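Asks: The chain contents come next:
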Amino acid sequence: GEDVEQSLFLSVREGDSSVINCTYTDSSSTYLYWYKQEPGAGLQLLTYIFSNMDMKQDQRLTVLLNKKDKHLSLRIADTQTGDSAIYFCAESPEYGGSQGNLIFGKGTKLSVKP
Amino acid sequence: NAGVTQTPKFRVLKTGQSMTLLCAQDMNHEYMYWYRQDPGMGLRLIHYSVGEGTTAKGEVPDGYNVSRLKKQNFLLGLESAAPSQTSVYFCASSYSTPHEQFFGPGTRLTVL
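Going down the list, the protein sequences come from chains L and F. Those letters in the first sequence? Residues 1 to 114, per my numbering, in order. Those letters in the second sequence? Residues 1001 to 1112, per my numbering, in order.
Chain L on its own, in the form it takes in the complex (with noise of 0.2 Å):
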């Protein structure tokens, strides 16, 4: 079955670059997406990347993929106070009667020390 795999926690210092490192197992996913949660809230779309790319740049985040290993990270260039959240990464498997639904890990709580 789809599983995906994400490390619990990560700590870094304002100002650094925070990596943040996902492993999921359906190689037919279309797309792959990064949502972060802030405490109290839902989760919202960081970004995406399409199966078919390497790597995608929004601004101070960077999605790379490697997709023969089935790997995906995001990195968050300069990360601030704000950027502290749980971050959640999600495929989109395509079997027989995909619905839509997005598999999720289990999430990275990231925090980010002044």
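A couple of the hints might just be wrong.
Stated by the list, open to error - Lysine-lysine pairs mimicking DSS-like chemistry, simulated, CA-CA at most 27 Å apart:
no.: 1; chain 1: L; residue 1: K56; chain 2: L; residue 2: K36
no.: 2; chain 1: F; residue 1: K1009; chain 2: L; residue 2: K106
no.: 3; chain 1: F; residue 1: K1057; chain 2: L; residue 2: K36
no.: 4; chain 1: F; residue 1: K1071; chain 2: F; residue 2: K1057
no.: 5; chain 1: L; residue 1: K36; chain 2: F; residue 2: K1009
no.: 6; chain 1: L; residue 1: K36; chain 2: L; residue 2: K67
no.: 7; chain 1: L; residue 1: K109; chain 2: F; residue 2: K1009
no.: 8; chain 1: F; residue 1: K1070; chain 2: F; residue 2: K1009
no.: 9; chain 1: F; residue 1: K1070; chain 2: L; residue 2: K106
FYI, nobody ran anything at the bench for these hints, they're computed from the structure. Just so you know, these numbers come straight off a predicted model, no measurement behind them.
Please build the complex by placing chain F on the supplied structure of chain L, with the hints as guidance.
Replies: The following block gives chain F in isolation, referenced to the frame of chain L:
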């Protein structure tokens, strides 16, 4: 444009009581989803709907029922609440697969 709204925001139930969680979206999305979020478990799909009048089971459907009588609303029902259903429930919607899912703010449910 309110996006995805959920009512109520908080609720405390006793074991065996019933309740309905309401999700509403004003984006004319076809797909709607109910997830539960538990510590260390991430989000797990309970039920989903691909259009008005249709529903289907997700990963953890037991103990829940859903209805999608109107396109904009997706209801999640608990007929006989159990402590294991203590969780934060999120509703989401999307225009189509595999587009971005928009999430509501969540409902925190405690079952005593």
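Asks: If a hint holds in the structure, say so; if it doesn't, say that too.
Replies: Structure-based check of all given hints:
no. : hint              : verdict
1   : L/K56 x L/K36     : holds (17 Å)
2   : F/K1009 x L/K106  : holds (23 Å)
3   : F/K1057 x L/K36   : holds (26 Å)
4   : F/K1071 x F/K1057 : holds (18 Å)
5   : L/K36 x F/K1009   : holds (20 Å)
6   : L/K36 x L/K67     : holds (23 Å)
7   : L/K109 x F/K1009  : holds (23 Å)
8   : F/K1070 x F/K1009 : holds (21 Å)
9   : F/K1070 x L/K106  : violated (32 Å)
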